[in-house]
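Colleague: Chain order of the listed sequences is A and B.
Here the first sequence is numbered in my numbering, starting from 1 and rising by one per residue.
Here the second sequence is numbered in my numbering, starting from 1 and rising by one per residue.
Quick caveat, the hints were computed from the structure, so don't treat them as lab data.
Model, not experiment: these values are computed from the prediction.
Beta carbons are placed, not taken as given, at the ideal position from N, Cα and C, and that holds for glycine.
Hints are not guaranteed to be accurate.
Using C-beta positions, here's what the derived DEER-type ranges look like [claimed, not checked]:
(1) 115(B) x 6(A): 33 to 41 Å
(2) 94(A) x 315(B): 48 to 56 Å
(3) 1(A) x 717(B): 20 to 28 Å
(4) 376(B) x 25(A): 29 to 37 Å
(5) 719(B) x 59(A): 52 to 60 Å
(6) 6(A) x 701(B): 39 to 47 Å
(7) 94(A) x 236(B): 21 to 29 Å
(8) 88(B) x 61(A): 33 to 41 Å
(9) 65(A) x 724(B): 51 to 59 Å
(10) 15(A) x 376(B): 12 to 20 Å
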Amino acid sequence: MDTAEIIVTVVGLALAGFVVWYFFFSARQTASAVSSSSGVQEVDITVKGGYSPDVIEVERGKPVQLSFYRDEENSCSEEILFPDFSIRRDLPAFKTTLVELLPEQAGRFEFTCGMGMLRGSLVVK
Amino acid sequence: MEPATKTETLDIEGMTCASCAASVEKSLTRTPGVQRVVVNFATEKATVDYVPAQATPATLKDAVVKAGYGVLERAPGTSAAERSAEIDRQKALAYQKLKRRFGVAVVLAVIIMPLSMLMLWPALMERVNMPILNYVLLALTLPVLFYSGREFFSSAWNSFKHRAANMDTLIAVGTGAAFLYSLAATVVPDWFMRRGLMPEVYYDTTATIIALILLGKVLELRAKTQTSAAMKALMGLQAKTARVVRPDGQEVDVPIEQVQLDDIIVVRPGEKVATDGVIAEGHSAVDEAMLTGESLPVEKKEGDPVFGATLNKTGSFRFRVTKVGADTMLSQIVKLVEDAQGSRAPIQRLADKVSAIFVPTVIVIAILTFVLWFDLAPLEARLPLALVNFVAVLIIACPCALGLATPTAIMVSTGKGAEHGVLIRNAEALEKAYQVDTVLLDKTGTITRGEPAVTDFVPAGRQDAAQLLQIVAAVERQSEHPLAEAVVRYADAQNAPQLPATGFRAVEGKGAAATVAGQAVLIGNRRLLTEEGVSLSAELTAQAEQLLNQAKTVLYVAVAGQAVGLIGVADTVRETSAAAIKQLQALGLEVVMMTGDNPQTAAQVAGQMGITRYFAEVLPSGKAGKVKELQAEGRTVAMVGDGINDAPALAQADIGLAMGGGTDVAMEAAGITLMRSDLQGVVTAIELSRQTIRTIKQNLFFAFIYNTLGIPIAAGLLYPFFGILLSPMLAAGAMALSSVSVLTNSLRLRGFSPVKN
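Only chain A is shown next, with the shape it has when bound in the complex (with noise of 0.2 Å):
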């Protein structure tokens, strides 16, 4: 084994640790609903190659008003879908959407974009 050898394969390990603890481990942003007078919790959420906050925390019993505003024209993120709330919606580029929904359960449910790829979570607690 030459020298290059060594730094390709410890650079290559070391790559590869780090895009496993990157995507998989790291910490995630997360966001707390703020209730409005109206007792409905609202939340904020921008759409750029994600969710930010892509952790979405609320309370159990109140309807929840989420607005997505789509920062992009990519094509990745035009729908989003809420697949334990039977909820899909086409969120328009540069427009904001709002999805409203009840929790009944405690849980965490996941919301992704049309194929699965960019990923949050509602958490009703």
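Using the hints, position chain B against chain A.
Modeller: Just chain B now, with coordinates in the frame of chain A:
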């Protein structure tokens, strides 16, 4: 002169009941300058006529807020319809842009390709200055990368910031690596030569990959718009205007949004019915195929319900509006289909789990491929080989095929179902219907019509049948009993002339009496005649016995104290039932019948229908128990009911099918609602579910096999044995085709058509 008024429509928020509407209306009416207020609770809109000098939209809004409600601020043009128009516009624009980007990539790739292959002709190569050629190729590749392929990079970067990775990440890393290597070889070729490497460039690879992936995207986008075509067609059925009759008798065309409950609407032949209501005047035949899948027009008369979006054929009529906006049948259907399209099938779970970790995993595999090739390949070729295989792995992997496999098939099939009057609640219902091996039919209302009809009309001795029927019908016309209605329908069908009846009297639980043409007429059960002291002849008694043995209800008729005839009434079998049951059996399903009838009648109907297994004398409360009984035998049961008192059984079954539009309760409990009242819909639902799940399985199989074979081959697994390496350009072609093939396979479902008798 009255001052000119303006009209404002407000979207009211927070109205939960009709009294809320009243308080909004009151508050608005009290506002200075307001002349007329109509608050529509169903559409959550208030229409206000006001004098602009005294009121403004802002003061109107204050009045609503003061009443404790909100006014939805909508930017102009954000109603649901306009929003979807906006989405369509954006999609069309995105498609145009994509095609342009694809066009540029193709043109440049076509130039870059042959230029990169000059080395194949050594004679030519001698005359060309290599470094200069490389700079030319670089200049040609830049627009491909930064114009055509820009979105891959920006999307990959945005995702990366979110600790997410998608297909664009793979393409960006793959083409980016090939490009950077080539750039280095172009700018500092000496560095490569000093290390004994040929300064090779991969501009052709970069450009071709981008062109091919964009081709895939163009095809994909075009196919994807077709998956929701049925849904779009359904939404487009909504009428835009309605011809409302004002109290003064004037007919005015108004936009559909302004139609209110209890408005009277005129429909002329060939026109669309604007919204749901009940016919107040006139009669016609209405084509309801768009809602129910029923191809024959349905006769409608006064008192019959009509539905928005159906087509009036022959006559003209007026109807009173009973539902508007989101409450109409069409809106409910659209909502149901939309919900179904947003649901996820259990079959997809594995694919979901895989796609969640797919892209990072592929990146790790690509890095390891690079390391292994670099370490194991011969010294002089190790860097190019490591690079080419690294890029090939990234490019061939296709998470899209996995992601598209299930939802596209569900989208097409739920839309297709709605077209045929089969409303599927969610993807899970579709999957359950596929697994069904036993169909349990609740006899009344499914196999039979669920309403009595006259089957036998038996005049005694020398009685004139036609004359007797006139007399009987005259009495029964006065009655509201379902059996009486059956007799009247029968008389009308025979075109019996109408006679007047006087002194009508209903005898509860026994029948009715009246005077027709000066004669006292009695119609009812045996007890009525006995109590009135009318005796039956032996002949009539024998005939009645015979009818009773056939499980028919018998009505006895007496005129002037003499028994003169019998009427046999029974629930009749639908014409289509036997054929549909045969088809279900041909699909390999066991058909079981359940009924409240006695065993003899049950056996007779079952025999007539070709059903071998049945449950007789089942009480309404025992229906769910019978479903459990079948499930305990290890069967997957589909329960078919008409929605009346069988909601628990529908819910207990693995999949419930509610028939005839169904009651709301039944639709809640049922996984599938059949808009048309006949068993043919059950066949359609099961066939559709089978084709859909088959398609999904093919798609998933293909997507998994494609990736599990493609990635190792691209990594060079075959090289040690067969010397086969996959060019990144071929990988790009395969990747573009894979997601398109999955989509195309799903679109095949558009050709679904139910088997006809």
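Colleague: It remains to establish, for every hint, whether it holds in the given structure.
Modeller: Going through the hints against the structure:
1. The hinted range of 33 to 41 Å is satisfied by residue 115(B) and residue 6(A), whose Cβ atoms lie roughly 38 Å apart.
2. Hint check: residue 94(A) to residue 315(B), Cβ distance near 50 Å, so the stated range 48 to 56 Å holds.
3. Restraint check, residue 1(A) to residue 717(B): a C-beta distance of roughly 22 Å satisfies the suggested window 20 to 28 Å.
4. In this structure, residue 376(B) and residue 25(A) meet the distance hint of 29 to 37 Å, their C-beta atoms being roughly 30 Å apart.
5. A hinted range of 52 to 60 Å for the beta carbons of residue 719(B) and residue 59(A) is consistent with their spacing of about 57 Å.
6. A hinted range of 39 to 47 Å holds for the C-beta pair residue 6(A) and residue 701(B), which are about 42 Å apart.
7. Checked against the hint of 21 to 29 Å, the pair residue 94(A) and residue 236(B) passes, with Cβ atoms roughly 26 Å apart.
8. In this structure the supplied range 33 to 41 Å holds for residue 88(B) paired with residue 61(A), their Cβ-Cβ distance being about 37 Å.
9. Checked against the given bound of 51 to 59 Å, the beta carbons of residue 65(A) and residue 724(B), roughly 55 Å apart, stay inside it.
10. Separation of residue 15(A) from residue 376(B) is about 18 Å and conforms to the stated range, judged on CB atoms against 12 to 20 Å.
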